[in-house]
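Going left to right, the sequence shown walks through residues 62 to 584 as the working numbering numbers them.
Read the hints as simulated data drawn from the structure, not as lab findings.
In silico lysine-lysine, DSSO-like type, Cα no more than 27 Å apart, as pairs:
id: 1; residue 1: Lys395; residue 2: Lys255
id: 2; residue 1: Lys574; residue 2: Lys530
id: 3; residue 1: Lys172; residue 2: Lys138
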Amino acid sequence: MRSTAFYLAVGCLLAMRCVAGPATSATPGTVPGSPVSDAVIYPVPAGVAPSGLYEVEINGHPAFVYPCRVGDIYDAKGNARPDPPETTTAQPAAFCHFDMAGSVDIKIRTKGTLTLKSAQVRPLNRGIQPRIENACITFRISQPGQYSVELNGSAQTPLLIFANPPEIGAPQPNDPNVLYFGPGEHVIGWMSVKSGQTVYLAGGAVVYGHLIIGNGDGVRIIGRGILDSSRSPRKGERITSNEFGRCDVQMHIGHSKNVLVEGICLIDSPAWTIHVVESRDVTIRNVKIITWRENGDGVDVNNSERVRVESSFLRTWDDSLVVKATLGRPRTGKPKSRSDKWTPQDLPLYPPGLTRDIVFQDCVIWLDRAHALEIGLETSGTEIAGITYRNIDIIHDNDVAAIDIGNGDRAHVHGIRYDDIRIEDSRSDMLIRLYSGHCYTSIDDQMGLDYGPIDDVVFSNIRVSGSAKPRIVLEGQSIDPAFQQPKVHDVLFKTFEVDGKTAAASDVTLERKGLVGATHFNE
62 MRSTAFYLAV
72 GCLLAMRCVA
82 GPATSATPGT
92 VPGSPVSDAV
102 IYPVPAGVAP
112 SGLYEVEING
122 HPAFVYPCRV
132 GDIYDAKGNA
142 RPDPPETTTA
152 QPAAFCHFDM
162 AGSVDIKIRT
172 KGTLTLKSAQ
182 VRPLNRGIQP
192 RIENACITFR
202 ISQPGQYSVE
212 LNGSAQTPLL
222 IFANPPEIGA
232 PQPNDPNVLY
242 FGPGEHVIGW
252 MSVKSGQTVY
262 LAGGAVVYGH
272 LIIGNGDGVR
282 IIGRGILDSS
292 RSPRKGERIT
302 SNEFGRCDVQ
312 MHIGHSKNVL
322 VEGICLIDSP
332 AWTIHVVESR
342 DVTIRNVKII
352 TWRENGDGVD
362 VNNSERVRVE
372 SSFLRTWDDS
382 LVVKATLGRP
392 RTGKPKSRSD
402 KWTPQDLPLY
412 PPGLTRDIVF
422 QDCVIWLDRA
432 HALEIGLETS
442 GTEIAGITYR
452 NIDIIHDNDV
462 AAIDIGNGDR
472 AHVHGIRYDD
482 IRIEDSRSDM
492 LIRLYSGHCY
502 TSIDDQMGLD
512 YGPIDDVVFS
522 NIRVSGSAKP
532 RIVLEGQSID
542 PAFQQPKVHD
552 VLFKTFEVDG
562 KTAAASDVTL
572 ERKGLVGATH
582 FNE
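Using the sequences and the accompanying hints, generate a full structural model.
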């Protein structure tokens, strides 16, 4: 096996980055012989102003700190508002990212009007205890991951730390199948990516616009740079597009297969951030998403199969990791919208709408409002099955529900697994909700079609902190008053903990409403 130093050297040459070491930069193809070579720091992007909140050193060397915007959901004292408004304004925050191959020492200084009395590093299960010395926060991390540094017991103005693993296999700039964006600012607007192409965003690159993959095969969007849609129009603005893009999904992966998205940051989407629709064999790995606008989802997977989202960070205003199944595009004719009149005769014109074999794992989520782990509410397809959420830290959970299955149409939702989910600072009205019944997205009830069932759902190793008595709601409805079969059933809660202790049924508020069948709690 080749050494870590070899891969760091290759990364330095191909990505044209600066390597933290005894000098401010390294000669291409070499790595300084010093322990600080365990960190790779990207070039400062010309034209981008640094954060006015923080300065950061990695192994004693300065790293660029980017300003960013997040949802303004906290009051003047730093407490989360109980019901954040649907239309939000932005709040300042910051992030810093780099590559690491060994232990890394991080030093943080506050700037401007920020005061420093105490600090906390989330996720809490990482066990990082920061020190405050000489008005600086210091701590060490020993493995790649995503972290939130928060001051004085408040979630306002956080510093997000994204520590990437070493980059391997960066493409050559002169490769004809590579769209290469080096350090600095670039404007692409609305750019389509073709089959076999690689879009490479080097560390230090800031690319303004949107990336669209349609009917693609073998597409890669990789690197350590940033896709930034902050200059695209937003919902409610008079203009619908400009040279930076339009009010739409930041990255669209549609009717495609064998797609890889890896390593990049996606910030300030004017709509959903990544939409995977009618695609298969898609991997999204080590992406970092920060979005603050209303309806700003993280990753939405719709009518797709074999999709993996892993080792990623999401700070979202709206739903974070989402699964849907809808009717998709009709085989012939113009598609109907939700506001149109539907009849059962319309259904044969559409493909069935199947979403299967989806895995979300090893992620960190900060939810501003709505749902962190969401299935639905759009469920007018036939089936959602084989969905796994595994090893996920929800470091802040605000508004509706941390974990939600909402079935407002006919889909059969089953074979759902939640395993090793840790929820900190739980403030949502409900911790978990499973709901089959009417919702605003439904088209089936106007056709006289009943809501689909939710069954075979297992919650394992769920650990909750910051909530005195978590609320769990199971509810099933039918459009037929005489219907008596359960709509939500075969639900198992096992190894459920609250504040470090195994919870009994009396330690949670478990509400069962309407057509709900068998439920087992820590049995």
